[in-house]
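A.B. asks: Single-letter residue listing:
2 protein chains.
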Amino acid sequence: MKKIKKALISVSDKKNLGSLLKVLTKYKIGLISSGGTYKEIKKLKFKCLEVSEYTGSPEILGGRVKTLHPKIHAGILSKRNDKSHAKELKANQYDEIDLVIVNFYPFEKTLEQTSNHLKIIENIDVGGPTMVRAAAKNYNDVAVITSSDQYPALINELEYNNGSTSINFREKMSLEAFSETAYYDAVICNYFNKIKNNNFPKKKIIYGNLIEKLRYGENPHQEAAIYSKAQNLNIKQIHGKQLSYNNYNDIFSALTISKSLPKNSGTAIVKHANPCGVSVDKNNLKSYKLALASDPISAFGGIVSCNFKINKTLALELNKIFLEVVIADGFKTDALKILKKKKNIRIIDASDFMLKDLIKFSSMNESILTQSEDLKAIELEDFKFVSKKKPNKSQLKNLIFAFNVCRYVKSNAIVLASQEATVGIGSGQPSRLDSCQIAIDKMNKFQNLKEDVVAASDAFFPFVDGIEKLVQSGVSAVIQPSGSIRDKEIIKFANQTGTILVFSKTRHFRH
Amino acid sequence: MKKIKKALISVSDKKNLGSLLKVLTKYKIGLISSGGTYKEIKKLKFKCLEVSEYTGSPEILGGRVKTLHPKIHAGILSKRNDKSHAKELKANQYDEIDLVIVNFYPFEKTLEQTSNHLKIIENIDVGGPTMVRAAAKNYNDVAVITSSDQYPALINELEYNNGSTSINFREKMSLEAFSETAYYDAVICNYFNKIKNNNFPKKKIIYGNLIEKLRYGENPHQEAAIYSKAQNLNIKQIHGKQLSYNNYNDIFSALTISKSLPKNSGTAIVKHANPCGVSVDKNNLKSYKLALASDPISAFGGIVSCNFKINKTLALELNKIFLEVVIADGFKTDALKILKKKKNIRIIDASDFMLKDLIKFSSMNESILTQSEDLKAIELEDFKFVSKKKPNKSQLKNLIFAFNVCRYVKSNAIVLASQEATVGIGSGQPSRLDSCQIAIDKMNKFQNLKEDVVAASDAFFPFVDGIEKLVQSGVSAVIQPSGSIRDKEIIKFANQTGTILVFSKTRHFRH
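The listed protein sequences correspond, in order, to chains A and B.
For what it's worth, this note's numbering labels the leading residue of the first sequence as 1282, then goes sequentially.
For what it's worth, this note's numbering labels the leading residue of the second sequence as 1282, then goes sequentially.
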């Protein structure tokens, strides 16, 4: 237990200061403060000593140098059980400071509000983090409060211990303080890296705000949580059970696909983080029906993501099968009413969600693999029409659609498409031939039409056998990246069979 | 261009200080320093003023308070083009400090050397980060050096600009300084979270050291790099072409499997981050041969990881097919000679690599999903023998093997095994039935024996049809997590067909 005699307060966020000061005063804790905080404390009619008066050093450089003074820092850093420390404090007429309440200049908020570099730089706090780090280091004797969210805990602690704090409390606050300083500098260094286009700095610092601890991870014996670089996930759950780890994983997989499709027309159905149906149609109902038709069995218990507002007709259709999650850019009131009839279905409004071109990362044991996201949509200059037969307009549209969907299917990926809708997806196989077979089996199982079916492959065919299998199953046009030593054989095969073959410059592995 | 007149030096790492001091002295830069650095500078016979003499404030609290003084920080933080700043400096008799050379108490190194909490805490630097952050904030006027690795760049800069530094240089150093402070506090807060078992703090800070910028990511149009929490990856490439992003992804996938198998007997073959063959056998050659036999076609261009030392006989066998990477816990000299005959094959020594039970994470747009790793190996108490027919010892061993391999196969996963070797793996399908079919097709394609084949499913069968398909194909024993509303039907089916059925409490989804 450590009795609090003196507190230093310097807060940028002045929320709830009054109620805290009342308690501090109740326990006769002397207050030191500066600048805006000092003025606020006086305005609230509490006694307070100004830092400059306390240190005998003026506040200078427009506030850049206020608290960076040995009287402050020796007061915070002295070990109370060290006699030489006590002696030195006394010799220099320094007092012990037992409580540091500091929050920083709002660097992150400033970033949201302005792109004025000088203003941003001015919001890098130097004095604040120094006091916080000193107090956090010396948590054995000093309590440190870094957020107004912690005031209730501090008040409780003081009330419960009659003006003292316990070591457990101080340790917990110290931990949160180092979280705060690490986070603060992570945001600063990410800002600098961003303006310098430095995607892969020597030291990479990734930061996230806890959005939610999850019931468990991919499996019940795994602990899990979801974080965001922002303060929220930019999606809004408006109905249904709590989202699970696997839900989130599927939701973001589904959103990555649906948000990449032409606006107000795209539907993606995802199961186990892999798409089982994707389509584009201006008629929203048709868009969903086409996506569902791609693999209605796998869609059972799946996640549907529409990049448009869901209306009543579609809601009635969605309700016909069991879905875990429905995501859309908004819901008509009557549609929502219908969907909500199912108690457990999770309904997500993703109107505010936007795909950002960020560096993605994933951990493998102690390592972190980072890379830019594969958001590159195909462009006409990426194409090379290599077969004698050239695609007509509709075939070309389907080829582009299939190849773009391919980006989001786990490798090796084969996507069969017709009418800008998938009609067979083969994914996650070590052998490209097997992925072809899976896609074809799906098509044969669920589709009647086989006219003008096109195929996309995420990487080149190493042999003729894959494309041969596709053509035998009725595929009329194929798009694939080039690069195999057998490219010529494959072109020859296409010409022999009257197949349209398009080479792309871009490969789309995804693991 | 800013002329350097005064420099403050305080370094924990005193490497290469002499050569730097020579250049600083050449340009008549006044030096201020304290503690051990001061002594070192004097020892090297350079002129230097002690900080306490400079500030007129004694160094106290055993070095805890030395540089936290307004004379130091106003000298660093003053804006040179601001007249009021200049006036205030003059009024207080403070000088400008134009160069700050500081590296921190070695907190991270201390963690490696001791678990003594007090000693660790004492190595939290307060003064150093403050000077560095102040200088980095004021990079418009001040240059900051945070590592002896930057000395050559500083020396070049001073020589090139006749004792001045350019804004580009100062900005670059400022960015690296904030990287350094963010990293430093990230390590501190991770240490506190670790000792407090706080896996999911409110603010999560992840840090990594750049190991290598990679040629590209999963695809050539994606930029990529690999980082490590440690200073290296704990694997050693001893031959072959540079490792690619996909190589690393596959290598860690393969190591996760092979290192989880019983020591000195396990082989995993991976293609596209999915296992295509896994086996356990004390005879190393047989271990590899069994793994290869599981799917010899997919193994082409794959990655082989053995948790034992590779000998000559095995090397000769490995050379028979095209492999991208061979990983092992060491190589006999003659074996290495044989493998190296292939110029391009990447050979990795993973003797030092250990699976650590870390919280893993992956980004999805702005979000970060984190969870504990699924390293849980099956234990006997997880079993429930639910069919009338019970497994014999060999069947039980195979069931355990198959279920453990299942953890590492992308969901939905079906693993068929015999003789503690996979004989068919079905992965990455939205439908469990399809995964069964793929596993069976593999087995029928590549295996002759069909006796005593066991099957493992990563999650429960929702219907009887999956297990039915397996039994029809000759599977005699099945292990699966329980939990379906049709569990009873499935038990009934097992009893009707004389199939051994084992329920596990643990599920093993992996996406």
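The set of hints was computed from the structure by calculation and includes no laboratory data.
A couple of the hints might just be wrong.
Because identical chains share one entry, a pair is satisfied inside a single copy or across any pair of copies.
Claimed, not checked - Lysine to aspartate or glutamate pairs mimicking EDC-like chemistry, simulated, CA-CA at most 20 Å apart: (1) Lys1750 x Asp1722; (2) Lys1475 x Asp1430; (3) Lys1371 x Glu1732; (4) Lys1360 x Glu1340; (5) Lys1475 x Glu1377; (6) Lys1624 x Asp1363; (7) Lys1326 x Glu1452; (8) Lys1637 x Glu1662; (9) Lys1618 x Glu1393; (10) Lys1522 x Asp1363; (11) Lys1364 x Glu1377; (12) Lys1510 x Glu1389; (13) Lys1400 x Asp1363; (14) Lys1328 x Glu1377; (15) Lys1286 x Asp1722; (16) Lys1786 x Glu1504; (17) Lys1453 x Asp1746; (18) Lys1328 x Glu1403; (19) Lys1637 x Asp1722; (20) Lys1657 x Glu1647; (21) Lys1510 x Asp1638; (22) Lys1303 x Glu1331.
Small disclaimer: the values here were computed from a predicted structure and weren't measured.
A.B. asks: Which numbered conditions among the earlier hints are violated in the structure presented, ordered from lowest to highest?
C.D. replies: Violated hints (numbers, rising): 2, 3, 5, 6, 7, 8, 9, 10, 15, 17, 18, 19; every other hint is consistent with the structure.
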